[in-house]
Structure formats: structure tokens, C-alpha cells
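K.L.:
Listed here are the chains, written in short residue letters.
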Amino acid sequence: NAGVTQTPKFQVLKTGQSMTLQCAQDMNHEYMSWYRQDPGMGLRLIHYSVGAGITDQGEVPNGYNVSRSTTEDFPLRLLSAAPSQTSVYFCASSIPPLRRGGQNTGELFFGEGSRLTVL
Amino acid sequence: KNQVEQSPQSLIILEGKNCTLQCNYTVSPFSNLRWYKQDTGRGPVSLTIMTFSENTKSNGRYTATLDADTKQSSLHITASQLSDSASYICVVRANTNAGKSTFGDGTTLTVKP
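Line order of the protein sequences matches chains A and B.
The numbering of the first sequence is this note's numbering, which starts it at 1 and goes up by one.
The numbering of the second sequence is this note's numbering, which starts it at 120 and goes up by one.
Partial list, derived from the structure: chain A residues whose beta carbon lies under 8 angstroms from chain B:
no. : residue
1   : Gly42
2   : Leu43
3   : Phe90
4   : Phe110
5   : Gly111
6   : Glu112
7   : Gly113
What follows is a list of derived Cβ distance ranges for each label pair:
no. : chain 1 : residue 1 : chain 2 : residue 2 : range
8   : A       : Thr20     : B       : Gly135    : 41 to 49 angstroms
9   : B       : Gly135    : A       : Gly51     : 45 to 53 angstroms
10  : A       : Asn62     : B       : His195    : 33 to 41 angstroms
11  : A       : Glu112    : B       : Glu134    : 22 to 30 angstroms
12  : A       : Gly40     : B       : Lys120    : 13 to 21 angstroms
13  : A       : Ser80     : B       : Thr159    : 28 to 36 angstroms
14  : A       : Thr15     : B       : Phe171    : 40 to 48 angstroms
15  : B       : Val164    : A       : Thr117    : 22 to 30 angstroms
16  : A       : Val12     : B       : Glu134    : 36 to 44 angstroms
17  : A       : Gly53     : B       : Ser177    : 39 to 47 angstroms
18  : A       : Thr86     : B       : Gln191    : 28 to 36 angstroms
19  : A       : Gly40     : B       : Gln191    : 21 to 29 angstroms
20  : B       : Val164    : A       : Gln57     : 22 to 30 angstroms
Derived by calculation from the structure, the hints in this document are not laboratory data.
Since the model is a prediction, treat every value here as computed from it, not as a measurement.
For every residue, glycine included, the Cβ atom is placed at its ideal position computed from N, Cα and C.
Construct the complete structure from the given sequences, taking the supplied hints into account.
P.N.:
Below, the structure written as C-alpha cells:
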């Protein structure tokens with residue numbers, strides 16, 4: 001049972017380079033999201049998706065793009081990396097809260113994180 | 120603005136001792152509150168989930184309480200173990216925006232032998 005899988009686990013970029021953080025889940029969850037976690041701060045929502053073909057911005061979307069062509073995958077793209085994007089990135093997925101047997105839980109299942117350093 | 124405040128920011132206790140972590144929130148309308156445990160270098164893992172009608176829930180040595188009137192929650196850890204050393208994150212979901220949750224900054228717990 002893989003759950004939520006993120007790749008790569010570690011990445012070093014130079015300013016201006018582009019890259020994609022991959023996220024895949026095998027639980028058939030409709031909801032997926034990306035967060036960044038910086039020292040001394042809570043998880044902040046970057047982008048999220050409530051289903052294939054649907055994405056929306058979170059709290060800190062600038063500098064990041066996402067797409068959701070399938071239920072399983074939700075890649076996060078950095079088009080031109082900046083040192084301010086040095087962080088640990090987490091992908092998460094969940095069943096839509098209102099569909100879990102009537103229980104409004106929306107429990108998030110997280111990946112193991114991707115540590116990105118931008119020089 | 121929806122907010123979740125956790126205290127203390129960090130805590131050091133001796134193995135075998137109990138401790139209580141606090142979470143105050145202003146998220147409204149309230150849907151549910153979750154406590155997550157995040158080990159160093161790992162992703163957060165859910166410990167407990169409570170909805171409006173629940174005021175206590177246990178998961179082994181972890182017991183969470185919720186007072187929806189005062190918008191406060193606590194996580195009590197009994198007979199702490201070295202493996203309890205982690206960051207504990209309080210997450211509150213509003214009963215509006217699909218999928219968005221408000222995260223606290225976490226409490227870093229260190230259990231020493």
C-alpha cells in the first residue's frame with residue numbers, strides 16, 4: 001500500500017532553473033494538495049485540486065503551477081526557481097469530506113516530503 | 120481570518136512523564152479538528168480527528184479533547200516514550216471551502232531519557 005508518493009526526496013537547483021515535483025496517490029482520492037513547510041512556520045497551502053481537471057490556488061501560489069490530468073497524479077512545477085522557494089514540500093490527498101459515509105472528516109494523507117534547495 | 124494557535128511552541132519532558140499540548144482556533148463555521156504527529160524528516164500522520172459533537176477521542180496513549188464552545192482543543196500524552204519526540208500539529212477545517220484546512224505552527228516535543 002504505497003499511499004502518497006513524492007519524488008524526488010531531495011533536489012538542489014540554481015536560481016532560474018525549472019523543475020517538477022511529482023506526487024502520485026493510489027487511494028483513488030479526489031482531493032490533492034501541495035504545501036510548503038518552512039522553519040518555525042506551519043504548513044502553507046500552495047495549490048489544490050478537488051478532482052481531475054480542476055485546480056485552484058491556495059495561500060502561497062506565486063511561482064508555482066499545477067495540473068491534474070488524472071486522479072492519481074498532481075505535479076507541482078517551479079518555472080523559474082528562486083532562493084525564497086527553498087523549503088520542504090509536502091503533497092497530500094484525501095477523500096472529499098462529505099463523502100466518507102456521512103462523516104465530515106477530510107483526513108489528509110501526506111507524502112514523505114521533498115526537500116528543495118535553490119542556490 | 121481563520122487562525123489556529125498552538126502552545127507551547129516547544130516542550131521538553133522526561134521519559135515516562137505526561138504532557139498536554141494546547142490548540143486554540145478561530146475557524147468558523149467549524150467542521151473538524153485533527154491532530155497530526157510529524158517525525159523529523161517525515162510527513163505528518165493523523166493521530167485523532169474530532170467533529171463538533173465529539174469532545175474526547177483516544178488513540179493509545181494520545182487523548183484529544185475538544186471544547187467547541189471555547190474553540191479549544193488539547194492533546195494529552197500519557198507515559199511519554201522517546202518515540203513521542205516529534206512535532207504535533209493542530210489542523211482545523213471550516214465547513215465551507217472544500218478541502219482547505221488551517222494549520223497551526225506545531226508544538227515540538229522532545230522526550231529525554
